[in-house]
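**Q** Order-wise, the sequence lines are chains A and B.
Take the working numbering: the last position of the first sequence gets the number 114, and nothing is skipped along the way.
Take the working numbering: the last position of the second sequence gets the number 535, and nothing is skipped along the way.
The set of hints was computed from the structure by calculation and includes no laboratory data.
Just so it is clear, CB atoms sit at the ideal spot from N, CA and C, and this is done for glycine as well.
There may be inaccurate statements among the hints.
[Said to hold, decoys possible] Which chain B residues face chain A? A few, computed with CB under 10 Å, are given here:
| id | residue |
| --- | --- |
| 1 | K43 |
| 2 | G58 |
| 3 | L145 |
| 4 | Q170 |
| 5 | R200 |
| 6 | T238 |
| 7 | M239 |
| 8 | S278 |
| 9 | A280 |
| 10 | R281 |
| 11 | V286 |
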Amino acid sequence: MIELVIAERCTACERCIEVCPSNVFEPTASGPPAIARQEDCQTCFMCELYCTADALYVAPNAERPEPVERAAVLASGLLGQYRRDSGWDEWQGLYPNEQWLMETVFRRAAEVAR
Amino acid sequence: MNRFHAEAEGLVADVLVIGGGMAGAWAATAAAREGAHVVLVEKGFCGTSGVTAAAGPGHWWAPPDPPEARVNAIAQRQRIAFGLGDPVWMRRVLDETWRLLPTLAPYYDFPKDEHGRVRNYRAMRGPEYMRALRQQIVNLGVVVLDHCPALELLAHADGAIGGAAGIRTQRGGSPWRIAAGAVILAAGGTSFRSHLLGSRNNTGDGYLMAAEAGAELSGMEFTAAYTVAPQHSTMTRTMSYAFADYFDADGRQIDAPFGPDQTERLAQALLAGPVYCSLARLPADVQSHLPTISPNVMLPFARWGIDPFRERFEVTLHTDGTIRGIGGVRVQGEDCGTGVPGLYVAGDTASRELVAGASSGGGNVNSAWALSSGTWAGRAAARRARRVPASFGGLVPLGRAGLRPSGRPRPTEAVEAIAAVRAEMHPYDKNLFRTGAGLEASRRALHDVWSDLAAHAGEDGAASLGLREAAALVASARWSVATAGARTETRGMHRRLDHPELDPGLATRLVASGFEAVAVRPETSPAPKAFESVA
Numbered sequence: 001m002i003e004l005v006i007a008e009r010c011t012a013c014e015r016c017i018e019v020c021p022s023n024v025f026e027p028t029a030s031g032p033p034a035i036a037r038q039e040d041c042q043t044c045f046m047c048e049l050y051c052t053a054d055a056l057y058v059a060p061n062a063e064r065p066e067p068v069e070r071a072a073v074l075a076s077g078l079l080g081q082y083r084r085d086s087g088w089d090e091w092q093g094l095y096p097n098e099q100w101l102m103e104t105v106f107r108r109a110a111e112v113a114r
Numbered sequence: 001m002n003r004f005h006a007e008a009e010g011l012v013a014d015v016l017v018i019g020g021g022m023a024g025a026w027a028a029t030a031a032a033r034e035g036a037h038v039v040l041v042e043k044g045f046c047g048t049s050g051v052t053a054a055a056g057p058g059h060w061w062a063p064p065d066p067p068e069a070r071v072n073a074i075a076q077r078q079r080i081a082f083g084l085g086d087p088v089w090m091r092r093v094l095d096e097t098w099r100l101l102p103t104l105a106p107y108y109d110f111p112k113d114e115h116g117r118v119r120n121y122r123a124m125r126g127p128e129y130m131r132a133l134r135q136q137i138v139n140l141g142v143v144v145l146d147h148c149p150a151l152e153l154l155a156h157a158d159g160a161i162g163g164a165a166g167i168r169t170q171r172g173g174s175p176w177r178i179a180a181g182a183v184i185l186a187a188g189g190t191s192f193r194s195h196l197l198g199s200r201n202n203t204g205d206g207y208l209m210a211a212e213a214g215a216e217l218s219g220m221e222f223t224a225a226y227t228v229a230p231q232h233s234t235m236t237r238t239m240s241y242a243f244a245d246y247f248d249a250d251g252r253q254i255d256a257p258f259g260p261d262q263t264e265r266l267a268q269a270l271l272a273g274p275v276y277c278s279l280a281r282l283p284a285d286v287q288s289h290l291p292t293i294s295p296n297v298m299l300p301f302a303r304w305g306i307d308p309f310r311e312r313f314e315v316t317l318h319t320d321g322t323i324r325g326i327g328g329v330r331v332q333g334e335d336c337g338t339g340v341p342g343l344y345v346a347g348d349t350a351s352r353e354l355v356a357g358a359s360s361g362g363g364n365v366n367s368a369w370a371l372s373s374g375t376w377a378g379r380a381a382a383r384r385a386r387r388v389p390a391s392f393g394g395l396v397p398l399g400r401a402g403l404r405p406s407g408r409p410r411p412t413e414a415v416e417a418i419a420a421v422r423a424e425m426h427p428y429d430k431n432l433f434r435t436g437a438g439l440e441a442s443r444r445a446l447h448d449v450w451s452d453l454a455a456h457a458g459e460d461g462a463a464s465l466g467l468r469e470a471a472a473l474v475a476s477a478r479w480s481v482a483t484a485g486a487r488t489e490t491r492g493m494h495r496r497l498d499h500p501e502l503d504p505g506l507a508t509r510l511v512a513s514g515f516e517a518v519a520v521r522p523e524t525s526p527a528p529k530a531f532e533s534v535a
């Protein structure tokens, strides 16, 4: 579930409010969006993918909140991992889309299993 | 043809598409290309909502040359369709997919080889695919209304569908109404609220709305699909698990090799205790490319500090329901009509039995079906809208449970109804390993929950959304359980411990309908009496 909106990174562009498929964020009068409905988060990481400021952190636990230390997350290097590995925005061309390899992996697995 | 415009009662369009996932976006594309003015409403955001966005959809794919490619693909599928597929529909899907996917090139950057040739058109990345489809429909002039879930259909006096009503979940939650010459339900299937990646919005809303309009359901017994994921996570991305080894709590390896029986064997092991997974056998080159093949797969591992190639981690199986299963609204014609005038279905909302038969279509058949059925529905809806002008005159709302209960409204908790659905549809010993007695117990439990919702659940505005989702989940579960009870055999993903053999007499699709009493009949029998199971 979504755990953190990191205020010093957030540019208040409100893109996360727009793209979240389960509407977990709420705009605030000034500053970063609030996590208003954490229990509705479907842990799809889409907000992170669309956050060009890498200001969001979704914990992998979909069943219950998993609070994290803001400082630890900032130091972890994990912020923006999804967007980077997807080759979005400034990462375009540096992380190529290799989805097409997937069927070759399944084929190799079937050969091993035979 | 009508111009898309606003009237005092709401918006007027030629075609209304309900749902902005892959099927809905392809439907909107096709309708707009026919010249229709299209409005698409989406519960979440068209681009991130639904199960395509977070996945890596391949597409069932066979080029027209050499001709045996399609013959072989269809023959292969027929072998696991167990008599319920239709080769004519399979061929249509292969053809439509092959022709249409490359047309997305202006919006999707298909990876190319060193000679500049597209490597393949069939393997797509979900987020980029949905971003491309959104851009395509916006450029075609489709009006996309995000965060605007539909709650119910609107019908003319003759029963023809002429629009829908819903609410906006952002900025105050105001209600909306849209009149249209034709409506396409592309609202997804349902995982019965499991943690299948991206499926939270997929609560079977399309099934509920279609059935309220008089449509039938088909193949609802085929909901026993499950996908492995790290325990507590949503990450139901399967590729790496093709090389997985599984162990019990004592470290003993579980005999569950990659293959068709793997899910059953893992489920048996999970019923006995926790199951741990090792991905050590994933070839080193795949390990290193994993983040650029499927960029979200490593996110849970990295965040939990697990090295999945060196450490064992606990896994579970998430219910896929009708999403990797089969069932949905019965398709009654090549145009994906439902038998209800003005109402069309696409993607997971439409039963996929015609192409998938009794076995999961996985990502491939399912994606090809979403694209194809969306295209056919979109085209047909646009053509109908040329004949049938949209109008608010005489439209009546069809929503019952959650909106207009039959009895006195009283406070009803959607979460309790949803918990009851999960309790019947998720456990492996109920939905995967089925028995007549178990299905009967599920039927009774769900009947009580439904009766309560139908009689007393009714809210206005934002509060109605949760109740409508609950009603859709309970109704979908009831159709599934009733049909599974009627299919007294084992066929494809439908496994009956008390009927482990295939019954040649049941080589027919089963059709479910109704709310207060759920009726099940074989499709081949025109009368609902011949083979009735009233729940």
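**Q** Where does the structure disagree with the numbered hints, that is, which hint numbers, in rising order?
**A** The structure breaks hints 3, 8 and 9; every other hint is satisfied.
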